[in-house]
Every structure is written in C-alpha cells, then in structure tokens.
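Undergrad: Residue numbers (the numbering used here), protein chains in the order written: chain R, 1 to 213; chain C, 1 to 425; chain G, 1 to 342; chain Y, 1 to 263.
Treat the hints as calculated values from the structure; they're not laboratory data. Treat the hints loosely; a few may be bogus.
DEER-style ranges, computed between Cβ atoms [as the list claims (entries may be wrong)]:
1) R204/R with I195/C: 51 to 57 angstroms
2) F17/R with A113/Y: 18 to 24 angstroms
3) A113/Y with L73/R: 55 to 61 angstroms
4) K313/G with F17/R: 30 to 36 angstroms
5) G111/G with G58/R: 48 to 54 angstroms
6) V86/Y with S151/G: 55 to 61 angstroms
7) L254/Y with G58/R: 18 to 24 angstroms
8) R107/R with P90/Y: 44 to 50 angstroms
Pairs of lysine to aspartate or glutamate, DMTMM-like flavour, derived with a Cα cap of 20 angstroms [claimed, not checked]:
9) K209/R with E161/C
10) K187/G with E266/G
11) K209/R with D371/C
12) K210/G with E166/Y
13) K127/C with D196/R
14) K127/C with E6/R
15) K132/G with D52/Y
Don't be surprised by glycine CBs; every beta carbon is placed ideally from N, CA and C.
Single-letter residue listing:
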Amino acid sequence: MWQFIEDRREQILINAFNHAYLVVLAVIIGSVLAVGLAMVVTRIPKLEPLANALSAVGLTIPSFALIGLLLPLTGLGSTTALVAVTFYALLPVLRNAVVGLAGVDGRLVESARGMGMGELATMFRIRLPLAWPVILAGVRVSMQMSMGIAAISAYVLGPGLGVSIFVGLAQIGGANAVNYALVGTIGIVIIALFLDLLLLIIGRVTTSKGIRV
Amino acid sequence: MDATNSTTHDSSPESGGGAEISGAEIRLENITKRYPGQKSAAVDGLNLTIPAGEIVMFVGPSGCGKTTSLKMINRLIEPTSGTIHIGNDDISQQSADELRRHVGYVIQGGSLFPHMTVARNIAIVPKLLGWDSDRVSKRVDELLDMVNLDPSRYRDRYPRELSGGQQQRVGVARGLAADPPVVLMDEPFGAVDPITRQRLQDELLSIQRTLRKTIVCVTHDIDEAIKLGDRILILQEGAQVAQYDTPENVLASPSNEFVSDFVGSGSSLKQLSLARVSELDIRQATTGRIGEPAKEAMDRARSAGDDSLVIVDDRDRPTAWVWLRQVKGDTLHEGDRESLHTLDNRATLNDALDTMLTSTHGGAVVTGDNDRYLGVVDFTAVVEHMSVMQTAAQERQEAEVPAESNPEDDHDPDAPMDDRESSDA
Amino acid sequence: MPTPTARPRRKPPSGGRLALVPLLVALLLATSGCLGLGTAGGYVPTGRLTGPVEDTKSLDDATISVGSKNFTENVLLGKMAIILLQSAGATVTDLTNIPGSASAREAMLNGQIQGMWEYTGTGWIVYLEHEKAIPDEQKQYEAVRDEDLKSNKLAWLKPAPMNNTYGFAVTKKIADKYKITKLSELKKVPVKERTFCVESELINRPDGLKGMLEKYDVPLGDPKGVPRSNLKTFQTGAIYDATAKGSCNFGEVFTTDGRIVALNLEVLEDDREFFPKYNVSFVVGEGTLKKYPQLEDLFAPVSEKLTNDALLKLNAQVDVDGREPADVAFEWLKKEGFVKDQ
Amino acid sequence: MPDLVPAAIKDRVDTDDDTPGGTRETVLMAVSIPIIVLVGFGLYAWWHATADLDSVETSALGWSGVWLAMWEHIKLTLVAAVLVVVVGLPLGIMLTRPGFKRAAPAVVGVANAGQSAPSIGLIVLLAMWLGSGFWTAIWALGLYALLPVLRNVIVGLQGVEPTLVEAGRGLGLSNFDVLRRIELPLALPVIMSGIRTALVLLVGTAALATFINGGGLGGIISAGINLYRYSVMVSGAVLVALLALLIEWLGRVLELLTRPKGI
C-alpha cells in the first residue's frame, strides 16, 4: 500500500488539493447564498415555511440524481461538480441560518431599533453576530456532506479523490484496485477531519467571547 | 399642610437648583393607536404635555396602553392618528432612525448586546452619529463613572460577566450615551431585587439632578412612580388619563375612585413615606478612621455611651458599621464595604425602613453628597417623625372640614396653578 | 463625580474579527480563477518525438483536449494520444475517463474534446444508427470515415489492425460443465443458468445484448429465453472479477482485455457474427485536422503497431498489475521508438 | 408597602401574533407530500406514454425494468433501515447505561467518521471485501446511515429528565421497566426523527448501489449518463426524488404516530 502511495504521491496530492478546493469553494458560495437567503426570509417571515420546505425537499434529492440532471446543462468536468456540491452545501446552512437569525431575542432587536440602528445595521451588527455560532454549525454539517458528494461527481469527471475510487471500482480484482479505493476513501475522510478542525478554529476566532459557549 | 409642602421635590422647574435643563418638552396631541382586529383602541385620543427636564412616570394596570404610548414617542410603534412633538418639531417629519438616535431608550434588564463589550454597547449610538473615536471613548468613561461603574474594571467586560444591577446601569449609560434631550424607559428596574432597585432609583435621581433630561418612564409599581416622578400619569383602559399630576396631588387628592384604589388605601401612610431622611434628626455615632488604634476609638465610643462604631475612610466615606465586640486587632480596618447598605439623605422614609429591616443595627448610616458620612438614623427616630406628621395631617383634615366652599385654592398655595388637562374621553 | 482616570484605550480584542470572514471569502473566490479546478485526468508525462514521427511539424501553438471512454483500453489509448501531442509541443487538456460512449460522442460533437480513439463498429451502428454492420474491416472503416466526415465533420484517421469486439466469456468450469464454446450453443444451457453480467450500456445499445440474444434464439425478457432478472449490471471493469467469482455464468468482455488471460476465462466464439468489427481509429475534428494536417502522419505509424496482442499485454499491465495507464503508455511508446525521454 | 399590581405582569398590549405554530404546518406537510408524489408520478407516467422515445430510450425505460428497479430500491432502503435500527437502537441504549457511558464518545466518533467517508467509497471497498451484490450494498448503506440513528438514540435518552428516571426507580420499577415505560417513550420523538434522517440518507445513497450490482433506480441514472439520453437521466432522477419524498413522508407519519400523547 505504501509503495502504491509512494509511486503516485504527486497525483494523490493534486487530487486531494482539488477535492478540498472544490468543497471549500462550494461551501463558501453555498454559505454566502444561504445566509443571504436567510436574511431575506428573516425580513419577510411569510417566506420561512418555503425556505424550510426547500431545504427539506432539497436534501431528499439524491446527489447522483442531481449530477445526472446537471450533465446536459453544464457538461462534463468541474462546473457540474461545483454546481452540484454548492446546491447541497447551501441547504444545511440555509436551515441553520434561518433558525439562527430568527432566534435572536426580540427585545435585543427592539432595543437596537430603539437606538436608531437601521434595518441593515441591525441585521449585520446584531442578528448576524448572535446567530453566527448556529450558522457555523450548519457550515460544518454542509462541509462534511459535500466531501462525499464531491466524490460522486468524479463520475462525470469532477476533480478530486473520487476518481481513484472509480478507478478502483473499474479494476476490481486487479492488484491495485483496493489501494485506489482505499486512498480515495481514506483521503477524503482525512481532508474532512482537517477541514472540520479548521472550521472549529475559525469559529473560535470569529465568535465574540461574550457568547462563546 | 406645611408638612406635605415641604416634602415637594426640589426638582420642580420654578424652584431651579441643579444644572440647567438639557431635556426637551414632549407634546402628544390626540394620539390614537388601534390594532387591526382589536375592537377597542389600545390608546384612544391621548393628549399630554411633558415639561422639559422632568421625570414623568406612566403608571397603570397592565393592558392600559402605557408601554404603547411610550413606544410611540420614538416611533417603535406608529400612531394610527394624532401628532407628537419633541421640542417644537413633529417627530413624524424626520426618519425614524434619525429620531431614535436623539431619543434614549432603556428597557428592562438593560438588554445589552451579549456579543459586545460594555464599552462597545455604550458606544453604539455615538458611533452611529459619527463621533470620532477619542470623543466616543471619553464619553464611555464619563458615562460609566456617572453610573458608578469603574471604567478600567468594567469597560472590556461582557454583559454575561455583570450582575443584574450592573447590566441595568450600563443600559442606562447606553441610553444617555449621545446625550439625548429625551430618554424613554420601559420598566427599567423591574428585573432586580428591591435593594438594588432602590440603589438604581437613587442613582437615576442623582443623574437627573445633574443632567435634567426629559425622562418618560413606564412602571407598574406605584411606589416607584411616586418616588421618581416629578409628575405621574395614571392611565386607565385605552390610555384614558385618570390623573396627571405631581405625586403629592395624586396622593393628597386622587381625582377619581380608580386612582385612589390604584394608589392604594391609606394614601396618607404612603404620603408619609414621601418624607426625606434629611428631615429626621440624625444622631452622631462615634466614628473611627481606618488605621486608627482600635483601643482609642473604642474608649471614645464607650464614653459616648455607644456600643457600636462607624468606620470611615480618608474621604470621610463610611466603610463599615461594627459592634465593639466585633473589633479585633489593634487598628481599625476597612471591613467589607460592599455589604454596608448606606442611605442617601435624599432617600425617602420608605427606603429608610427597607434598609433598616435588613441591617443588623436596626438603623442605617446616612450619607450626603459624594457619599460623605452624616450620621445614623434608627427605627425610633423614623416612627416618631411619622407620628408627628400623622397628627399634623389629622389637624389639617379637621381644619378643612368647615371650609367646604373652596377646598381647591388653599390646597397647595404656592404650587403653580396651570390648568391641568383633565381627562377628556 | 470622580474625574475619569486617563487610560490607554485598547480596542476590544474579539468579536470585531467577524469582519475577517468576508475578507477570507473574497480572497478565496478571487484565487479560484487562477488556480482553476483541474479535471480528473491527472498527470501525463511528456517526451521528445523520435523515429518515424521525429520530423512531424511542431504543434506548439495548438491547444487540444483529448477524451476517452472509461474502460482501461480506451483510457490507455487516450493517454498515448496525449503523450504524442504533448511531445509534439501541443498543450493538451486531459478529459479521459468519460462515462459511456454516448457521453464521449456528445463531448466530441459539442467540441468539448477535439480528439478521441473510437471504434469503427460503434461509430457505424450506435452513432450513425445503421441496422446492419459491414463484415469487412477495411470497408467498414471507409464507410464510417466517409459518412462521419460528411455529416458530422469528424475525421477518422488510419485504423489500427486490432479488433476489440464485444464477447462473452465463461470460466473453464462452466465451459466444461455445459460443453459450450460458441454463442449459438447458449440454447443448451438451462434457462435458470443463463445468467449474464453486463454493463448498462450494452443492454440498451442497438448492437447490444437484446440483438445478440435474439440472433442466438434466446430473446431477452422471454421466459424461455433470458428473463430480465437474470441480468446483473456492473461497471465495465468489475465484470471480469464477478464472472471469475461466479456471480454470473456469462460475462460481457472486451476481447482485448488482459484479465481474460489472467483470470483464465474463455471467450465464446461469435459464430453467427452478430457483433460488427471494432477496429480503433483516432477521430479528430475536421477543423483541427485542417489546421494541423501533420496529425495524420503523427498517428498513422503508431496505430499500425496497435495489434490485438499488443493491447492485450498493455491492458493486463493496468488491470492486472495495477500500473498507471499514463506510465504504461509512455513506456510502450518509448519501446516502440516513437518517443524519447525529454 | 403593598404592591397592588404583581410586578410580573407586564403591559404587553401589542397583539400576540404567534401563528398556531407547528401543528398547522405539519398537517399541511402530512397531506401535501403524498399528493405531490402521486401527481408527480402521474405526470411521469403520462410523459412516458406520450414522449417519442427512440429505441435506446424505450429499452432503458421499459416499465418492467423500471418497476423492478423501483422495487429493488425500496427493498434496499427498508432492509438497510431495519438493519440500522436493529443495530443502532440497542447500541444507543447500551451506551447510555451507566456501565458503558464512557464508551459513548468513542463509538459516536467512529460512526461520525463512517458518515464523513464518501458513501461511494464505502460501497466500493465493501464490494471488494464482500463481493458485489445486494447484501454488500446493505452493509455499506447501514454503516453510512448508522450515525443519525445512533446519535439520536443517545441524545434522546440523555434528554430524558433524570428526576423522572429516579421517580420511576423510586416507585420500585426495575431498570428494564424504567427503560421500557419511561425512558424510551419520552425519547421516542428524538429517536424517530433520527430514523427519518437515516431513511432520507438511505434512499439517496441506495442510488449508488448500482455500481456494485446492488440494483435500484441508480441503474437508470447511470444508463442515462452513459447513453447520454436526457430523458433517461431525468426519469431516473425524478423517480428517485419522488421515492425519496414518499419515504421521507412515511418517516414523518411514523414520527407523528409514535409521538406519545402526553408530550
């Protein structure tokens, strides 16, 4: 197994980097969209059931099915992978952001408005910082989920470690089949744990000490 | 009658005293608020003028529209009809946010933003108004001092590290941050224990003496209204004005049955509680300075026939009140300053009784300006004083009976006789 | 009022750093452009052309993307093409491993890839949708070449001698048990035992399983023929192992796959010649070929050397020994004298 | 000083606008989902009948093949779900008993890593180890969906009021009775929501079983991709999504039915 990794060290590292990069990019885009949507929903409460339904139904669509649907639209390669992973990355963050932003104590919001803070200032300086821990929890869930989905996107030539799992599958019975699959799977788990740790650190740094649990 | 007069607050505008007025007058004209789907209006045609630099207490049973009326002054709730003026500009002409930056807003428990330090909480409005950071920082320190919180210790603390009373003080400081002419308070002292509440009330009074803002404060506690209010607005269902007058008049002559029930039976006893500690004859107990040889102080106390000793610091501020048998060691030391409940000489007899109930000496140490030691008062002194006032009040009662014709005019001769807005439906 | 003591003003340390996040996000998004998301192709070596192809005109102003289907042989050939093109100076995007012929064909048609090794039989029946195949290899190639050039502007270069046709393989045990060597003898095998390991493409292709089973009188879905539940679908590469392990009796194989020999499977003879000829040829967009006519002589000598047993050995090195296709291709090109180390 | 008006009552005149909250929403969801699924399926069948499919598409979307795939998909999901509950529930219970409490974080950690691994990776690795086929897919799906059930069982049981448990013991109930009659019923809502999450995960991941001959609707999707036929791709995706919605709705109904009346 080590000889296998030794021979392909470069290729594995490139794939690992691409995998992490694809997921981080997708999670960021997804989170920014989700928080934006959640802010709109907080301003217009009637939209809340719609947002909740979207994230519930969205999660039931299997990623493999979505990749199939996207193929004709965005073709083979990284675009389809990015769009698919971003779609799934968005959902957990959206659900948590809606809960977080709406969950801010009404009296705090009222005293903010009472002091003359505008709608936007209240959203960004009061609601968002207070909801931040909940949102971050959503981002962690979405990151973990996206790692797996990014692997499946290798079926339509998406970048990342997924390709070595499929190569392993194609060479079942061959000498290195198990190695390929193991490198793919364990590589993704390691990246997932590493990014999760990174998120925890970012969480500690950006959450105000006043509300850090 | 003179007993009641002399108890008038010295804060009524004419009698001056304290800094000049920095508050603005508020006029509510025919204010109505009807919620969709509600049959009766929450506030139905309220007319009210709040003189500049005065504390006006909105008080009444829950659901009488006092909070709604308060929130219409900074447009947190928009009135269905009617106009409100602050100073002489109509508040509906300017943007709500702009208006609110010039109207302090303090609610129960301070509702500080937990993710901001005390300093950043207080600095919010000044920053919104674009003050430069030095001015903001100086202002924050100044305000923290004003509410008796040492800036260096509390500045960078987070709300969850403060006690209820401290949070409320920061809430008040935050409300006063931009030096607004008007400050609105919605049950500011509701969420703290009686002793802290009394201390916060005293501090608000002393702050008002220096700043002379126009403060509108909602409370459901009539005692608080009487203590704090220069005027009290008693509201009935639909914010109907039951009475709008000084605490004395409200106590002395409640305008209708609702008010007398609401103010509570034996209003004369309540009126008594208005008397100030400064009117009592304050006894001089023996005092000892921190670091003074204990034996000397104790001999002095024994010769004066005292069995207790008040320990004061170099700025003459009392730090402890100990029985002689408790004195240990050869020099007097500071003792636990926090646990000593002192009494401001401007506090009411009501507060005095509360403090005495909790102190082990059956009395209270009285302090004057800058917490300087004045003396001690004990239970008997308060009771004697009240009985003297009670007999005076009875004589006044009999004197009044024959002169039926015009009870009004000799009621409080020197109070200005502007025509009260009696409640119009 | 005690005068406020002068104090060094410290900005509150935490909380403000939430503003860091948008900064971080902007930075990452900005870099996404230049780093780009490499596709799954991965690293392919480059060498210098020698031997018969040494003096081909350089391609250094060309950017060509080369694709391949996702079974070993086609990936191998794809990597070979990439090495040749890169050694000739072209910048090449590696889009090998496309799932399924149809997706690969679609990528060729919409220009996502400019070059790919394709099989004459697949072109004739699946892409150009003809019912009957042309038995002769050369005529089949010419027919496909002419029609695809005319209707789809795709140029099929000189075909290789090897013919990688579909086949069905059995283990020795099954072969002896039912004494079966030819597909026409399928009828002898009891219905229950007519189990097939196939990949989803073959089931639905016009030149696929349905046609073959009808040709050999054991129609699909017919209780007397081959019931649909007898079919087991696998990924192309996984069938060999499944057949060897006996999860089905008849496994769909490519006749040039190295694992037939390695797992000592026996390929049943297509005695009624149902399957067409599948000679491989490098297909290039007409525009690309016009711009770089030297591609013709770059690929011609190479495809000449691509015989069945050459491919059998190459495929085995990947599927059996587990080596990287790119390394195997590079080594073969060097051995055959087309490329030298840089 | 008698305080006439109890301090607690605050003057809240502004109307209390909390909508009847959860109930209306769940009822709406409970009824609308099956209708959406049926309508969706009807639309699909209507499209299937009327669309002009070429030979490849008709063979890929033949009804017999679709029903077989659908049935396999349902079997995959439900069998894996049963496996997950049969393993997850007792394991979760055990981990909250005093004796094994310390092991809980470790076991949850393993399950957590299990889920962070890509499902496709698990499927392929297990296929290599156990050979391909239905049961390998079941094991892969089970390992993948174990975390939500296990975690919710633990969280649910830990969420039960300790005082209630003591009360039960105080009445002389045996540990087993306390578990059966007090702890489990109270923890049931949380456990059921864990099972519902697992069901949703399983339906989605079952689509990948096709790579190792596990059957299921995934086959239609991969055929669609290989044959580059939109219609086949979309059909596969739509069918799996509809099935996923139906099973998620089933989970919700199960959750509502098993909710003890009292809470």
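Undergrad: Hints first: check each against the structure and report whether it holds.
TA: Right, here's what the structure says about each hint:
1. For the hinted restraint 51 to 57 angstroms between R204/R and I195/C, the CB-CB distance of approximately 39 angstroms leaves it violated.
2. F17/R and A113/Y have their C-beta atoms about 22 angstroms apart, which keeps the hinted 18 to 24 angstroms range intact.
3. The given range of 55 to 61 angstroms is broken by A113/Y and L73/R, whose C-beta atoms sit roughly 34 angstroms from each other.
4. Taking the beta carbon of each, K313/G and F17/R are about 34 angstroms apart, inside 30 to 36 angstroms as hinted.
5. Remark: the range hint 48 to 54 angstroms for G111/G to G58/R is contradicted by a beta-carbon distance near 33 angstroms.
6. Between V86/Y and S151/G the CB atoms are about 59 angstroms apart, so this pair conforms to the stated range of 55 to 61 angstroms.
7. Between L254/Y and G58/R, the C-beta spacing of about 22 angstroms keeps the proposed range 18 to 24 angstroms intact.
8. Between R107/R and P90/Y the beta carbon distance is about 46 angstroms. The supplied range of 44 to 50 angstroms therefore holds.
9. Between K209/R and E161/C, the direct Cα distance comes to roughly 11 angstroms. Compliance with the 20 angstroms bound is thereby established for this hinted pair.
10. Distance hint between K187/G and E266/G is fulfilled; the C-alpha atoms sit about 18 angstroms from each other, no more than 20 angstroms.
11. For the suggested pair K209/R and D371/C, the alpha carbons sit about 36 angstroms apart, so the restraint of at most 20 angstroms is broken.
12. As the CA atoms of K210/G and E166/Y are separated by approximately 69 angstroms, the hinted pair breaks the 20 angstroms bound.
13. At most 20 angstroms may separate the alpha-carbon atoms for a hinted pair to count; K127/C and D196/R exceed this at roughly 37 angstroms.
14. Annotation: proposed proximity of K127/C to E6/R is violated, straight-line Cα distance about 59 angstroms (limit 20 angstroms).
15. At most 20 angstroms may separate the alpha-carbon atoms for a hinted pair to count; K132/G and D52/Y exceed this at roughly 23 angstroms.
Going down the numbered hints, you'll see the structure goes against 1, 3, 5, 11, 12, 13, 14, 15, while the others check out.
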